[in-house]
Amino acid sequence: MFENRQKFFGVLLAAFSIFIWGVTFVCTKYLLRYFSSLEILFYRFVAAYAGLWILHPKYEKIEFKDNILFALAGLSGVVLYQLFENIAIHFTNASNVSVIVSICPLFTAVASQFFLKEKHISFWFITGFIISIIGVTLVCLNGDTALKFNPKGDLLALSSGICWGFYSVIVSILNRRKYNLVCMTRRIFFYAVIMMIPLSLIGMNFTHADGDFLKSLSFNINLSFNAARFSNIMNVINMLFLGVVASGICFTMWNKACNILGTVNVNCGIYLIPVVTIVFAFFVLGEKITLLGFAGAVITIMGLFISEKKSSTLN
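Our numbering numbers the first residue of the sequence shown as 1 and each following residue consecutively.
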C-alpha cells in the first residue's frame, strides 16, 4: 500500500511539472518581446536559486568531487537545454519546439543504457522510437501551415533534447548519493547561474541579423533599459513563474519523481508537454495547427507510449 502511494505521489509530481513546463513555451514567447534569450535564462536561474533558498534555507555539505557532477548537471540540463530551446523559438514556433523536445525520453533511455548500464533498449523501445520520428517528421514538414519545417530551429530543439538525456543520467547518479533534493537542485542552479553570468551581458537581436546567430550578438549593459522592462508587471509575473515555479519548484519535483519512479519512466511523461503547449499556444499566442500537424503530434505520443511497453531486452 505504501509503495503504491509513493508511486502515485511520484506520478503527481511528474504530472504537475509536465503541465507547468508545457506552459513555459508560451511565457518565453511573451518575454522574448522584451528580453533576449540569454537574459531570460539568467534572470530565470537567479530567481530559481533564490526561491530554493527561501524554500529550504539550510546548507548541506557534499562530497567535493560531486561538484563536478553538479556543474555538469547545471551545464547540460539547465544552461544548454534551456539555451538551445529558447534560441530555437526565434527560428520556429512554440509548438514545433515542444513536439521535438518531447523525444527527450528516447535520448534518456539511450544515455541510461550507455552510462548507467540500465537495460532500456527493447523491441518496443525501438518500435516506439521509429513511430515517434515519423510523427515528428509529419509535424516539421507541414510546410504550408503555422507548423513548418525550420531546419535551424528544429535542430536546436533536437540538441536541447539530447542535453536533457545527459542531465537525466547525472541526476540518477546524484539521487543515489541521498542528498536533500532541494539542496541538490539548488546547487545545480548555483552552477547554472555562474555559467550564465558572462552570457547575461550579451544581447541577441535577430531582426537585423538576417538569421545569423553571431551577427545577432551584442553587449547589453544598459541598466536603465533593464530596469524599465521590469516596470511591466506582466514581465515580472512571467519571469517569476519561469524562475521560481517552472525552474526551482518543478526541477525539485521532477528530481523527486525520478527518485521514486525511475528516471526513464518519468521522462516518458514528457510526451504530454506538446499537448499542453499546443493548447496554450492556440489560445494565448494565436498559433494554428492543422489536421496533419495534429496527427503528427498524436503519432509522436503513440510512439512514446509504445517505447515504454515492457518487453524482453535486446542485447
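No lab work stands behind these hints, which were simulated from the structure alone. Ideal Cβ positions, reconstructed from N, Cα and C, are used throughout, including at glycine. Fair warning: there could be bad hints in the mix.
Said to hold, decoys possible - Straight line, CA to CA, 30 Å or less: simulated BS3-like cross-link-like pairs of lysine-lysine:
#1 Lys178 with Lys65
#2 Lys61 with Lys7
#3 Lys152 with Lys288
#4 Lys29 with Lys288
#5 Lys58 with Lys178
#6 Lys7 with Lys117
#7 Lys61 with Lys117
#8 Lys117 with Lys58
#9 Lys29 with Lys65
#10 Lys7 with Lys288
#11 Lys178 with Lys61
#12 Lys29 with Lys117
#13 Lys58 with Lys7
What the hints assert, rightly or not - Simulated DEER-style distance windows between Cβ atoms:
#14 Phe64 with Phe305: 25 to 33 Å
#15 Met302 with Phe230: 20 to 28 Å
#16 Tyr59 with Val236: 27 to 35 Å
#17 Asp66 with Asn4: 29 to 37 Å
#18 Arg176 with Pro198: 31 to 39 Å
#19 Val236 with Ile194: 22 to 30 Å
#20 Ile54 with Pro198: 24 to 32 Å
#21 Met302 with Phe16: 20 to 28 Å
#22 Arg176 with Ile130: 26 to 34 Å
#23 Lys178 with Ile54: 31 to 39 Å
#24 Val11 with Phe114: 41 to 49 Å
#25 Thr127 with Ile237: 27 to 35 Å
Can you list which hints this structure breaks, lowest number first? 8, 9, 10, 12, 14, 15, 23, 24 and 25
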